[in-house]
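Residue numbers (my numbering), protein chains in the order written: chain V, 1 to 112; chain L, 1 to 114.
If you're looking for bench data, these hints aren't it; they were derived computationally from the structure. Honestly, I wouldn't trust all of these hints.
[Claimed, not checked] With a cut-off of at most 30 Å between alpha-carbon atoms, the simulated DSBU-like pairs for lysine-lysine come out as follows:
(1) L:Lys106 <-> V:Lys65
(2) L:Lys106 <-> V:Lys57
(3) V:Lys57 <-> L:Lys73
From a predicted model like this one, the values you see are computed outputs, not experimental measurements.
For reference, the chains in residue letters:
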Amino acid sequence: EAQVTQNPRYLITVTGKKLTVTCSQNMNHEYMSWYRQDPGLGLRQIYYSMNVEVTDKGDVPEGYKVSRKEKRNFPLILESPSPNQTSLYFCASSLAGDYEQYFGPGTRLTVT
Amino acid sequence: AQKITQTQPGMFVQEKEAVTLDCTYDTSDPSYGLFWYKQPSSGEMIFLIYQGSYDQQNATEGRYSLNFQKARKSANLVISASQLGDSAMYFCAMRGPGNTPLVFGKGTRLSVIA
Numbered sequence: 001e002a003q004v005t006q007n008p009r010y011l012i013t014v015t016g017k018k019l020t021v022t023c024s025q026n027m028n029h030e031y032m033s034w035y036r037q038d039p040g041l042g043l044r045q046i047y048y049s050m051n052v053e054v055t056d057k058g059d060v061p062e063g064y065k066v067s068r069k070e071k072r073n074f075p076l077i078l079e080s081p082s083p084n085q086t087s088l089y090f091c092a093s094s095l096a097g098d099y100e101q102y103f104g105p106g107t108r109l110t111v112t
Numbered sequence: 001a002q003k004i005t006q007t008q009p010g011m012f013v014q015e016k017e018a019v020t021l022d023c024t025y026d027t028s029d030p031s032y033g034l035f036w037y038k039q040p041s042s043g044e045m046i047f048l049i050y051q052g053s054y055d056q057q058n059a060t061e062g063r064y065s066l067n068f069q070k071a072r073k074s075a076n077l078v079i080s081a082s083q084l085g086d087s088a089m090y091f092c093a094m095r096g097p098g099n100t101p102l103v104f105g106k107g108t109r110l111s112v113i114a
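The shape of chain L in the complex, shown without the other chains (with noise of 0.2 Å):
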């Protein structure tokens, strides 16, 4: 079964400044992709970045990358330059081959300080 885990409950970053949220991921597929989503206080699920896990190259999108670290089953989001708007529950997820569910992780709460 597929598993993600975010270890961080809360965060908090001052603006400006570089943070990265953790997830790591259990599967015994070779195949799968990786998600983070970020869900503001209003609610809606805003997908930002995608990694394949044959993808060579780490994800980025704008101020967002993922550091993927295939070995230790890591996929952390780093966020640069942090901006108030930036405060929000962030998700880590995966998909398996096929149409298997895609699988959450709990989230962590992201505190932008100004």
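Excised from the complex, chain V in its bound form (with noise of 0.2 Å):
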């Protein structure tokens, strides 16, 4: 089933402790992103990646940060969390930038 997977869907952590978010996609796809998602505020794009090693900002990259070793994977990397990064995050695949995105299930971060 072609699909892209987070992990973990749901974490409670506290300020500065390093977490990582993964991301899979088994759909050869090219592009992939995150987003984080706020009341109000609807979703926005904190990081891209066009192709393995070639990574780029969104919106709101500050407190993140990304890797694209494999073509499958995207994890996102929060090394100091603060509590106003609790939110929703999403991940998106898709096979090229200007292509409908395939979004994960959702990871909600607590951060307290």
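The two chains are supplied separately, each in an independent frame; assemble them into the complex guided by the hints.
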């Protein structure tokens, strides 16, 4: 089944404790991206990647890191999480930048 | 900069009726794509329909159609014969040429009433 998977689905952590949210797709898509969704703000792009070893900032990259060492994986790293990073995070992938994106199920992160 | 505006925070529609969800956009790029996504209460984002700026005809996908009015910069989603399962948040999104970020509106919550 073609899909985008994210882990974990739910995470509660404390300020400053490094965490990684994994994202994997099995559709051989070149383009992958991360979004955060906050009430009243819609979805905002954090980072995106056009291909292996190619990443770029989206609209809200501060406090996040990403890497793209393999085509199928695009982890999101929070080196020192803060409460304002409490949000619902989505990973998405597509054939290319201007194709429709397929979203993962979301990761609900709470930073206390 | 690109911008998407969805002016209807919430909408109600009777089951089996049609409903239009509004979306206006702003861009200076001649080439762009417009997308609609559905987010049910379970949280996942479901792609519904796509319209390219150079497409001559309005996009349709089953009960979904996109009323694309380029001069007015609007890309309204029309859902025909609403079903209870259509109750969800609906997001309009836009992408410019190349690898510019996908920009989302703030969404419209649709409630279908039996």
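A quick look at each hint next to the structure:
1. L:Lys106 <-> V:Lys65: Holds, at roughly 25 Å.
2. L:Lys106 <-> V:Lys57: holds (21 Å)
3. V:Lys57 <-> L:Lys73: The given pair, whose Cα atoms are some 27 Å apart, holds under the 30 Å limit.
This entry satisfies every hint, going by the numbered hints stated previously.
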